[in-house]
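**Student:** These protein sequences, in sequence, are chains A and B. Going by my numbering, the first sequence wraps up at 462, each residue one higher than the last. Going by my numbering, the second sequence wraps up at 691, each residue one higher than the last.
Everything labelled a hint here was simulated from the structure, so no lab data went into it. Don't be surprised by glycine CBs; every beta carbon is placed ideally from N, CA and C. Check before you lean on any hint, since a few could be wrong.
[As the list claims (entries may be wrong)] If we take Cβ atoms under 8 Å as the criterion, some of the chain A residues that face chain B in the derived model are:
id	residue
1	GLY66
2	ALA70
3	PHE186
4	GLU446
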Amino acid sequence: MNPPAVTPETLVPWLDEHHIAWVKTEGVSLDGLVIGKHLGRSKFVKSLPTGNAITDLVLGYDIAGGPFLAWWDTWRADALGDIFQRPDLNTLVIAPDRSNTANVICDFVAADGDPIPSCPRGLLRRVLERLAGHGYQAKAAFEVEAMLFTESVTTARRRHYADLTPLSFPAAIGYLHHNSRQQLEFIDVVVSRLGALGITVEGWHDEAAPGQFEINLEPADPLTACDQVVRVKQVLREVAMDQGHVVTFMAKPAAEYGNGLHVHHSLTRQGEPAFYAPDATLSDASRAWIGGLMATMPAATSLLCPTVNSYRRMVGFAAAPTVASWGEDNKSAALRVLSRSPAAARIEHRLAGGDANPYLVLAAVLAGGIAGIEHEIAPPDPITVTGWGLPTDGWPHLPTSISRSTAALVADGRLRSVLGDDFAQFWINTRRWEWLMFHTTGGDPEATAVTPWELDRYFELV
Amino acid sequence: MVPIHHAFGAEPVNDPPVVERASIVDVEADPVPIVLILAATLRRAERDPRLAARMANAKGNVALRSTVDPQAATIRFAHGRVLIERGVAPDTDVTIAVDVNRMSDLDAPKPKISGALLHLRLALTAGKVLDPPSERWQVEARRFWEFAGTHPGVPKGVRVVCTDDDTEFLLGGAPVDYEIFGSAHQLTVLFTGGSVFGQDLLDGKLHAVGSLAHMAELTGRTLAFMMGT
C-alpha cells in the first residue's frame, strides 16, 4: 500500500524510500487518452511545481491523431508551443508492474501555472469549486464496463477489430459464473494491480454482452473517482496486453449490449445527505438537482456520449436510456433516484457510454445539477413506466447523433455557463470535427450497425 | 458591409449586382456534410436569376454519389422547392457518380451520369446548378470575407496574391498579418466554398505566410463557408 499523500516536502524521501528512478506522468485528453512522459526522477523533481513541458498538440488533436486545424484557442501559442503537466502529488503511486517507477496524474496548465480551459481534470476542479460555493460536497462511484476478447491486440488490429472471440459464452445472459470463471485469471491480476494502486474494487461480475464484465468502484470524492476510472481502464488494457488479449470500452463495438459508464453520485450539506427523502416527497436539494439534470440532459449528452459510435448504444431495451427521464429506483430511466435510505441516498446517472471521459462525465453531471440549483429548475414528474419503447411524440427523446447533441449543447446556455464558455466552445468544435471526420473520411451514415470506420477509430483507444 | 482595400497596386473590383431573394433550397433534419455542401452550392446558383428559375421549374430527383467513399445525397426538385437529403433515394431519376475529393480539380475525372437519357432536362439542370458560374477570384474573395472577416481569430488583413499574374488583393484592413498565394483557379475554388484552406496548404495547391492560429481560423471559416453554416 502506498502512503496516502506525498507532499513537496516529503517527495524526495518518498522517491528514495521506494527506489524510484522513473516517474510516469499521466494527463487525460478530451477524448480520454492518457498522455504523458516517462521522466527520470531528477527531471521530475526539477519540473515541480508546474510540471514537465509537453506539446500543446496533446489537447489539439483528435482521437486518430489528426490535428484540430479548423479553429484556435487563446491558450495555444500561435505557432505550436508547450503546455505543462502539473502533477497532483496526491495521486503519486508506485507502479504495480515496474519496480522502479511511480505514476502520477497531472493537470494540464499554462507556463504560468494557470489552468487550461480544455483540461478535463481542470474542468472538473472548477465545477467542484462552484458546487462548494453552494455549500455542497459530492461523492461519486463509477461502474466500468468493458469487453474482453481472446485475441491479442496485434491480431485485433490486423482484423480491424472485427470477428474477435469474446472471452465468455457467446450469449446475452449476464452475471453468469460460467463466464466469470473464464475471466478470472484476467480479473485476478487486474484486482491485484488496482489494489497496489490504492483502488478498491467493490465487486465485479460478468455482464450481458459476450465478453463483457463490469467493475464497481468504491464511492470517493469526484476527482479521485475519475482518477480511479482512468487507472482502472489503463490497468485493464495493460493486463489484457500482458495476457495476449484485447479489451475495449467502445460504447457499441458489436450488435449486442454496449458498454456504459454509469455514475452514482450523492451530495452532502454540512454532513447531511442532501438527496435523502424518507417519504415520497423529494428534498428541496433533490428537486432542483434533478430539475437541472433533466433540463440539461440533451446538452450533457454531448459529453456523456462523445463519439459517433456512442449513439448506437442508445436503443430501447438495451440498458441505455433513450429519453430524458427520472424515476425512483427505475433502471429504465436515465436517472435512477435512490432517496429512501440516508446512508445510500444517491442518483445513478445511466446515460454515459464506456467511451466517455470520466472527468467530462462528472463535470457535466454536476454542472447540470448546479444549473438546477442556480436557476431553481423544477423537475418534471418521474416515470413509473418502462423508459424504453415510448412513442416518438410526447416524450423528451435524447439526441440520436453526435451532431444533434452538439446542437443541444450550443443551445443550452445554462449548462455552458457552468462548464465555462471557453471549454464549451472548444468541446463543441471538437465534436463538430468528429462528425466531419466520420462523414468525410469513410464513415457510412447509412449503416445501421457498427462500421469499420468506428472500430478502427475507437476500439483500442476510447 | 466589410470595407475592401485595394492595397499593393491591386486593381479596383466592382461589386456584382446582388438580387436578394429567399432561398428555395432546404435540407433534411440533422444534415450530413454533403447535404450542407450541396445546399450551399445550390444557394450560390440561386444568385444567377436564370439558374434560380431553372431550379424552381425543375421536377425530379437527382442523386450525387461519391465514388471514393459512402457519401451520397439526393436532391429533390418539386413544386418550386428543392430539398436535399442524405443517401441515394430509391426514387432517384438521375444519378451522378463523382470523386468528391477532386470535383474542383482542373483535371478532375468526369462524373458518370445515369438516367440522363430518360430525364435529359433534369440532368442538364442538375449539371448547371451544381456547377454555378463564379465571378473573378477577387469578387469571390470579397464575398468570402463578408462571411468570414468579422469572425474572432481571423487575421485583420489578408494579402491574397494570384501567382498567375502577380495581382494582389487585400481582404480586411491593417495590419496585414496573413498572406495567401495561389493560382486564379485555386483562389476561385477556395473563395467559392469549393475547398478547405488547410487542406489546400497540405496538398500544396496554395501557399501561405502567417501563423498557425490564423491558418486554423481561416480553415474553419472556409469549412463553414463550404457548408453554409
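**Student:** For each hint, tell me whether it holds in the structure or not.
**Tutor:** Structure-based check of all given hints:
1. GLY66: violated, 11 Å
2. ALA70: Since the shortest Cβ distance to chain B is 4 Å, the answer is holds.
3. PHE186: Violated: closest Cβ of chain B sits about 37 Å from PHE186/A, beyond 8 Å.
4. GLU446: holds, 5 Å
Checked against the numbered hints given earlier, the structure breaks hints 1 and 3 and satisfies all the rest.
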